[in-house]
Amino acid sequence: MDSTRFWHEREVIRHGGRTRLGRAPLTLLLTVLLALFLLFVTLPVASLFLRISPEAFFRSLADPVVLDALVLSLVTATVSTVIVVLFGTPLALMNARCDYRGREIVDTLTDLPIVLPPAVAGIALLMAFGRRGVVGQYLDGFGVSVAFTTVAVILAQVFVASPFYIRQARASFEAIDRLYEDAARTLGASPTTVALRITIPLAWSGLVSGAILSFARALGEFGATIMFAGNFQGRTQTMPLAIYTTMQGDLSAAISLAIVLVVISFAVIAAVQIITRRNT
Amino acid sequence: MLSVHAVRQLRDFVLDITLSVRCGETLVLVGENGAGKSTVLNLISGILTPDRGEITLAGRTLFSDGSRIDVPAESRNIGHLFQSYALFPHMTVAGNVAFGLRCRKVSRPEIADAVAEQLAVMRLSDLADVNVGRLSGGQRQRVALARALVLEPELLLLDEPLAAVDMRAQAAMRRELRDRIRNAGIPCIVVTHNLRDALELADRLCLIENGRVAADGTPEEVLAMRENGFIASFAGPRVS
Numbered sequence: 003m004d005s006t007r008f009w010h011e012r013e014v015i016r017h018g019g020r021t022r023l024g025r026a027p028l029t030l031l032l033t034v035l036l037a038l039f040l041l042f043v044t045l046p047v048a049s050l051f052l053r054i055s056p057e058a059f060f061r062s063l064a065d066p067v068v069l070d071a072l073v074l075s076l077v078t079a080t081v082s083t084v085i086v087v088l089f090g091t092p093l094a095l096m097n098a099r100c101d102y103r104g105r106e107i108v109d110t111l112t113d114l115p116i117v118l119p120p121a122v123a124g125i126a127l128l129m130a131f132g133r134r135g136v137v138g139q140y141l142d143g144f145g146v147s148v149a150f151t152t153v154a155v156i157l158a159q160v161f162v163a164s165p166f167y168i169r170q171a172r173a174s175f176e177a178i179d180r181l182y183e184d185a186a187r188t189l190g191a192s193p194t195t196v197a198l199r200i201t202i203p204l205a206w207s208g209l210v211s212g213a214i215l216s217f218a219r220a221l222g223e224f225g226a227t228i229m230f231a232g233n234f235q236g237r238t239q240t241m242p243l244a245i246y247t248t249m250q251g252d253l254s255a256a257i258s259l260a261i262v263l264v265v266i267s268f269a270v271i272a273a274v275q276i277i278t279r280r281n282t
Numbered sequence: 355m356l357s358v359h360a361v362r363q364l365r366d367f368v369l370d371i372t373l374s375v376r377c378g379e380t381l382v383l384v385g386e387n388g389a390g391k392s393t394v395l396n397l398i399s400g401i402l403t404p405d406r407g408e409i410t411l412a413g414r415t416l417f418s419d420g421s422r423i424d425v426p427a428e429s430r431n432i433g434h435l436f437q438s439y440a441l442f443p444h445m446t447v448a449g450n451v452a453f454g455l456r457c458r459k460v461s462r463p464e465i466a467d468a469v470a471e472q473l474a475v476m477r478l479s480d481l482a483d484v485n486v487g488r489l490s491g492g493q494r495q496r497v498a499l500a501r502a503l504v505l506e507p508e509l510l511l512l513d514e515p516l517a518a519v520d521m522r523a524q525a526a527m528r529r530e531l532r533d534r535i536r537n538a539g540i541p542c543i544v545v546t547h548n549l550r551d552a553l554e555l556a557d558r559l560c561l562i563e564n565g566r567v568a569a570d571g572t573p574e575e576v577l578a579m580r581e582n583g584f585i586a587s588f589a590g591p592r593v594s
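Protein sequence lines, in the order shown, are assigned to chains S and U. Numbering-wise (this note's numbering), the first sequence opens with residue 3 and increments by one. Numbering-wise (this note's numbering), the second sequence opens with residue 355 and increments by one.
Hints are not guaranteed to be accurate.
[What the hints assert, rightly or not] Here chain S is said to cover these stretches of chain U; the calculated rule only asks that three of the stretch's residues, wherever they fall, bring their Cβ under 8 Å from a Cβ of chain S:
(1) 394-406
(2) 499-510
[What the hints assert, rightly or not] Residues of chain U placed beyond 10 Å of chain S at every Cβ, according to the derived structure:
(3) GLU386
(4) ASP424
(5) SER429
(6) ARG488
(7) GLU514
(8) ARG522
(9) GLU530
(10) ASN564
In case anyone wonders, no lab produced these hints; they're calculated from the structure. Only a predicted model underlies this, so the values are computations on that prediction, with no experimental measurement involved. Glycine included, C-beta positions come from ideal geometry on N, C-alpha and C.
Bound-form chain U, shown alone:
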């Protein structure tokens, strides 16, 4: 279970977010560009620090201004997938997947086993020794996911997970992603601009407007809020 209350002064507005996600639940964040969706992920994974607030994950306090706790990003054990995937360009596929395990001082044979197993699950075994610069969008996405999941994170944060994937491959990738998230059994937050992502991945949907939660509920509930300008254009003619 993840619970977040975070306040941070951004350039144009104050981000003030309160949300919680249960284990095995997927929360999808939607909203205009610049509404603060990616910032929410960065605050949770520890890349940015809130001005005020409290973040707890599985009973552990990751951030609390009251008790002066700020667990550094490297000790939070959160899988964070960036929009561009941020695969390390000077490493192979296997090198990328092994990176986090190396940082944790896991023994070499154990790393090799874990990486091989993860690559097999992600159908990347053939690409183990390929430099990541030569991968397609869908392959990159799977490497990024493998790199995060091999560490058995307690929370998964996905920023536009399918934006760089070929249109034709998106439907298959989306189904695969949904299965992986379900299997992991951990809380998951997905940021997306894509209605299909929202419909297929979300257990709950959350609308962010100017750094605040404007709506929070099941996808059906939130997408029914046609009086909201963003929802009206996001859900569009598809629902009506």
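Bound-form chain S, shown alone:
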């Protein structure tokens, strides 16, 4: 509803003394458009809940396929988020604060997975870390195989989810006035202390919301995972893959998994909004 009010104000500014009657059709049109769009987004999600009874939902949750997928998804998405945060924070801080040759190339490369289709990411990872891949063939020599294991699930998730954190982290770091860092240095803080005591705490809410978005992206990862890690229950079959698989037989299991993901998605949006709002 905010957007319609916003349009109202602009109309008033543009047309000055236009009558109330003159604006009515526009208001009506915008209200209808907005209602249609909201319906288009909410109706499919609501349908999930309408198509399954609570008993069937809880029965499905006990299904080993569902349970395995749930546990695997939560574990892998958590691990990949931790990896993304550990590697992404220093990278984002460096790119926000240091001017070095090739910084723009690094920025472009870190953003690449956002625009890359997941299927492309999957086959690319396979070509790199698969048994006969560019790196994989040497790993295979040591008896290490990555493709079609849980490790591959995590790699695929890190690959697709990392830009969400790194972009947000960089923007949060850039938003901090350097004066605080300069002041901290004159008070005796080494660059590491400045980062840990000043920069990261001040960027905290941005970092957390970036990590949550990255977690959500990892949780929903499908294309790259199925190509690079395969679809083995308990090892690489995460929730999206399990939805795809169970849909061909047990529809209620698929719907139950979908509902769990919907709930998590809502929690993610709510968490990000609460965190960013508290900050402003």
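Go by the hints and put chain U onto chain S.
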């Protein structure tokens, strides 16, 4: 004793400054906006690096391009107050004052004692646990000063120390500031746009124009240079 010779290419001109300040002496820098006054402070405290020159403080060389010395800002032990004070917004008053001591790995009880003592001197004890976002301009200024003085710096750099203080409180704050500087007994450089600051705080006054020292002397001497456009408007009708 501080002695500075620093050269640095700025966007519009080359900053080339030579000055010295004795212990217990306060040097006030005046000049147009963008003349390089704040840059001089940043070069001395180590936030910026000179292209050439030499900076020594109390017999220690902080910067020398000839002998390739550049002591990092965190090891210079210089109190630098920024115009906006730059208090850390995610910490309390006590947290801000304790910050430098924590960086120096001082033990917790010693930090608590030093902070409590400093807060008492600055009449900030009641505000110890208040977040700095809720302070007035004058209180912020005192916290910034406490945060610097608790470290017993060898030099004090103040950039527009009273600009964010309420007009009515400025006179009292100025007197207090002067006493603190005198008590500290260290060299002090103050950048200001305010004639009253210059008159009350300065032992010596220095006019900076386009990155160079255009005049250096007692406040009376410098303010008498009425042929200079900036001095004429700075000293204004007050002196005449």
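Would you list, in rising numerical order, the hints stated earlier that this structure does not obey?
5
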